[in-house]
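Peer 1: Chains as they are written, first to last, in our numbering: chain S, 10 to 228; chain G, 20 to 472.
Source of the hints: derived by calculation from the structure; they are not laboratory data.
Take the hints with a grain of salt, since some may be wrong.
Stated by the list, open to error - Quick partial rundown of chain S residues pointing at chain G, CB under 8 Å, derived from the structure:
1. 21
2. 31
3. 211
Stated by the list, open to error - Chain G residues, not near chain S, derived (Cβ > 12 Å throughout):
4. 34
5. 143
6. 152
7. 175
8. 262
9. 270
10. 277
11. 287
12. 324
13. 455
Said to hold, decoys possible - For lysine-lysine, the following DSSO-like pairs were computed, each having C-alpha atoms within a straight-line distance of at most 30 Å:
14. G:233 to G:245
15. G:22 to G:206
16. S:78 to S:137
17. G:272 to S:31
18. S:137 to S:73
19. S:162 to G:272
Cβ atoms here follow ideal geometry from the backbone N, Cα and C, with glycine treated the same way.
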Amino acid sequence: MRVLVIEDDALIGDGLKTGLEKLGFSVDWFDDGADGAEALFQMPYDAVVLDLGLPGMDGMSILKSWRDKERTEPVLILTARGDVDNRIAGLNGGADDYLAKPFSLLEVQARLNALIRRHNGRPNPELKIGNICLNTNTRSVSRNGQAVSLSPKEITILELLLLNKNKVLSRETIEDKIYAWGGDVQSNAVEVHIHHLRKKLGQDIIKTIPKIGYILEDK
Amino acid sequence: MKKLSLKTRLILFFSVIAGIMLCCSAFFSWQESTEKTNEFFDTYQTALARQLAAADWTAVHSDKNRMNEDFFDKIEHADTEDEAIGFAVFNASGKMIFHDGENGRYFPYEPKPEAFSNTRVDDEKWRLVWIPTKDSQFMVAVGQELDYRTDIAWDMMETFTLPWLIGMGSLLIFMIIIITLEFWPMKRLAVHLRNRNGDDLSPLSDDRLPTEVKPLIQSMNLLLGKIQSTLDRERRFIADSAHELRTPLTALKVQLEIAQLATDDDRMRSEALTKLSTGIDRASRLVEQLLALSRAESEAHSDTQTRIDWHSIIHQMISDYQQPAQEKNIMFKTDLSDAGPFSHGNPILAGLIIRNLVDNAVRYSPNGATVQITLRDYKLIVLNTGTHVEDTVLERLTHRFYRPAGQKESGSGLGLSIVDRITRLYKSTLTYRNTSDGFEVTVSAQEPSSDFR
Numbered sequence: 010m011r012v013l014v015i016e017d018d019a020l021i022g023d024g025l026k027t028g029l030e031k032l033g034f035s036v037d038w039f040d041d042g043a044d045g046a047e048a049l050f051q052m053p054y055d056a057v058v059l060d061l062g063l064p065g066m067d068g069m070s071i072l073k074s075w076r077d078k079e080r081t082e083p084v085l086i087l088t089a090r091g092d093v094d095n096r097i098a099g100l101n102g103g104a105d106d107y108l109a110k111p112f113s114l115l116e117v118q119a120r121l122n123a124l125i126r127r128h129n130g131r132p133n134p135e136l137k138i139g140n141i142c143l144n145t146n147t148r149s150v151s152r153n154g155q156a157v158s159l160s161p162k163e164i165t166i167l168e169l170l171l172l173n174k175n176k177v178l179s180r181e182t183i184e185d186k187i188y189a190w191g192g193d194v195q196s197n198a199v200e201v202h203i204h205h206l207r208k209k210l211g212q213d214i215i216k217t218i219p220k221i222g223y224i225l226e227d228k
Numbered sequence: 020m021k022k023l024s025l026k027t028r029l030i031l032f033f034s035v036i037a038g039i040m041l042c043c044s045a046f047f048s049w050q051e052s053t054e055k056t057n058e059f060f061d062t063y064q065t066a067l068a069r070q071l072a073a074a075d076w077t078a079v080h081s082d083k084n085r086m087n088e089d090f091f092d093k094i095e096h097a098d099t100e101d102e103a104i105g106f107a108v109f110n111a112s113g114k115m116i117f118h119d120g121e122n123g124r125y126f127p128y129e130p131k132p133e134a135f136s137n138t139r140v141d142d143e144k145w146r147l148v149w150i151p152t153k154d155s156q157f158m159v160a161v162g163q164e165l166d167y168r169t170d171i172a173w174d175m176m177e178t179f180t181l182p183w184l185i186g187m188g189s190l191l192i193f194m195i196i197i198i199t200l201e202f203w204p205m206k207r208l209a210v211h212l213r214n215r216n217g218d219d220l221s222p223l224s225d226d227r228l229p230t231e232v233k234p235l236i237q238s239m240n241l242l243l244g245k246i247q248s249t250l251d252r253e254r255r256f257i258a259d260s261a262h263e264l265r266t267p268l269t270a271l272k273v274q275l276e277i278a279q280l281a282t283d284d285d286r287m288r289s290e291a292l293t294k295l296s297t298g299i300d301r302a303s304r305l306v307e308q309l310l311a312l313s314r315a316e317s318e319a320h321s322d323t324q325t326r327i328d329w330h331s332i333i334h335q336m337i338s339d340y341q342q343p344a345q346e347k348n349i350m351f352k353t354d355l356s357d358a359g360p361f362s363h364g365n366p367i368l369a370g371l372i373i374r375n376l377v378d379n380a381v382r383y384s385p386n387g388a389t390v391q392i393t394l395r396d397y398k399l400i401v402l403n404t405g406t407h408v409e410d411t412v413l414e415r416l417t418h419r420f421y422r423p424a425g426q427k428e429s430g431s432g433l434g435l436s437i438v439d440r441i442t443r444l445y446k447s448t449l450t451y452r453n454t455s456d457g458f459e460v461t462v463s464a465q466e467p468s469s470d471f472r
C-alpha cells in the first residue's frame, strides 16, 4: 500500500515515514504543501496522511483542490487543533478521518488500513484465495491455517494481487505501489518477490502473463 | 483612625456649620436686642422723669400725705410692675419727699443731673435717670431694674432665633435625606462590586450615578477592559502553548513507537532514539521559551530595576554560542562603543533579548556567515550576513509560534515575539529589515508614538 504523507515537522514526518514503512506501507513524505499536493497526481496512492498546519499551502486548501479535481483517495487528517469545530470543518472539507496530535503510530496504521479497506469496498480485514489467507491488520499470511513467513514487500505484493483478483497487474503498477520515491528499485525486484511468493505459497498460485504482468486467479 | 465616610463627613460638616451659624446669629441678636432694649427704656425713663419733673412738687412737699395716696393710685395704674419701673423725688437737700411706694423708696440720692447712673437698689442692679425740676428745687429720679431689661432682651433674642433654629434643623434633616438618596447609587455600585463574580469583567453601568463619579467609573471600565484583554491574551497564550506542545509531543511519541517496533532492526532503533533525544531537546527549548515569554509578560508588573551592563551580557551570550557558531563556521564581530537601548531594567530580560537575537542569528545564518553585534546611538543592532527574509514573512515575524514555510532549522517560533514583548516593556522598539549584507534586527530606545500600545 502506497501512502502519501504531507507533514512539515521533520521529526513527525520522518517518524511517520520510518514507522509506516516498518508497518508494511510504502511512504512518500513531503514537508511542503504545494509539492505534496502535486504528488497525488503523479502516483497511485492508496491513502493520504495530511497535516493541516502546513506552511505555505495549508492542509484544508490542499484537500479542497484534490476534491475539486475529483480525487477520491482516502485522506486522514492530522492536526494540533483537535477541537470539535476543527474536526467538523476537516470532515466537511472532504477528509475521511481525523487524528488529533499527539497520536499513536499504530492508530495511524489502523485508521489507514480501515480507510483503504472501506475505499476498496471490502470491510473484512482478511483477504483470502483458496487455502491462503492474508490478515491486513496483523500483516500475517497463513496457508492451510499454518503461518507462512513472508517479507513485508512480499506481503504487500500478495495484498495487491489479492485486492485485484482476476485482474492482470503490470510490473510497473506493482512497482509503483510498493516502492516509495527514492527507494532502491532493482529492475528485477518484482520478479524476485514473485519467485519467493511462489516458493512459499505454491508454484501455481500466481500466473505470469508474458509481456503484460501477473494475475491471481480465483479457482 | 478610621476615616469617616463621605456621607457622614458631609452631614457632620454641615451640622457643625449650622451650629456655628446659629450661635453667631443668636449672639448678634442678643447684642442687637440688648442695645435696642436699653435705648427704648432709656428714652422711656427720660420721658417719664421729664413728665414727673414738670409737676408742682412744692405742693406735694407741703401737703404730702393728702396728695400721696391719690398720686399713687394714678402712678400705679400708669406704671406696671412688669416694667419694674420706680421713681422718687428728692428736694434740694437730698431728702426724699416722694416715691412710688415700692422700689422708689429705696433709691439712694446720687444726683447726676440730666444723666443716667447704674446703682444698686435693694441689692438689685438699677439704672436711674436724674432730671431736675425747672426751678431746680427738686430732683426727680426714675429707675428701672437692669435684670428686667435683660429678660426683655433675652425674650427678643429668642423670638429672633427660634425660626432660625427650626429652619436650620429642618434644613439639616432634608440635607441628610438628600445626601442619603444621592449616595444610594454609589452604595448600590459598591454592593454590586462586592457581589461580583471574579471572572466577570464586563463594564460597570454608570446609570443614575452623579456626573462627578462618572469619570471614575469610566476609568474603572477602562481598567476592566485592560484586565480583560490581558486575561484574553493569557488564555490565548496558554491555548497556543498547549497546541504548540502537541507537535513536539507527537514527534516524541512517534519516534518512541518506532524504537519499540524496531526490535529486529538495531540501526532503526538507534536512529529513532537519536531523534527522540533531538525531539526532547526541542520540546525542552519550547518550554523554556514559553517560560521566558510568560516571564516577560509578568515582568510588566514587577519593578526590578538595576543598571544593565550590555557589554558583559553580550560577551556572555557570544561565549555561550561559540560552540554552535563554530559548527557552522559563523564568526562573531562586536562594536560596543556606545550605550544600549535602555540603561536600567531587569538584566535577565535584557539577557533574553540578546540571547534570542544571537540564537536566531546563529540558527538561521548560512554556513560561514558573520554575526555583527553593535551598540550605537542607544540602539542594539544584530546583523547576520547572507540571510534574506521574504517581505511576506517579515510582517509575521514577531507573531507567536510563527515559523516561515520550508524552515528546516528547529525552533519554537517564539524568539522574536519574546524580544518584541521585552522591548515594549522598556518603551523601546523592535525593527528588522533586509540590508545589502543580510538581515538586521534593531532594538532602539525611541518608541514612535504611533506604535504605542
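Peer 1: Which earlier hints can't be squared with this structure?
Peer 2: Going through the list in order, the structure violates hints 3, 8, 9, 10, 11, 16, 18 and respects the others.
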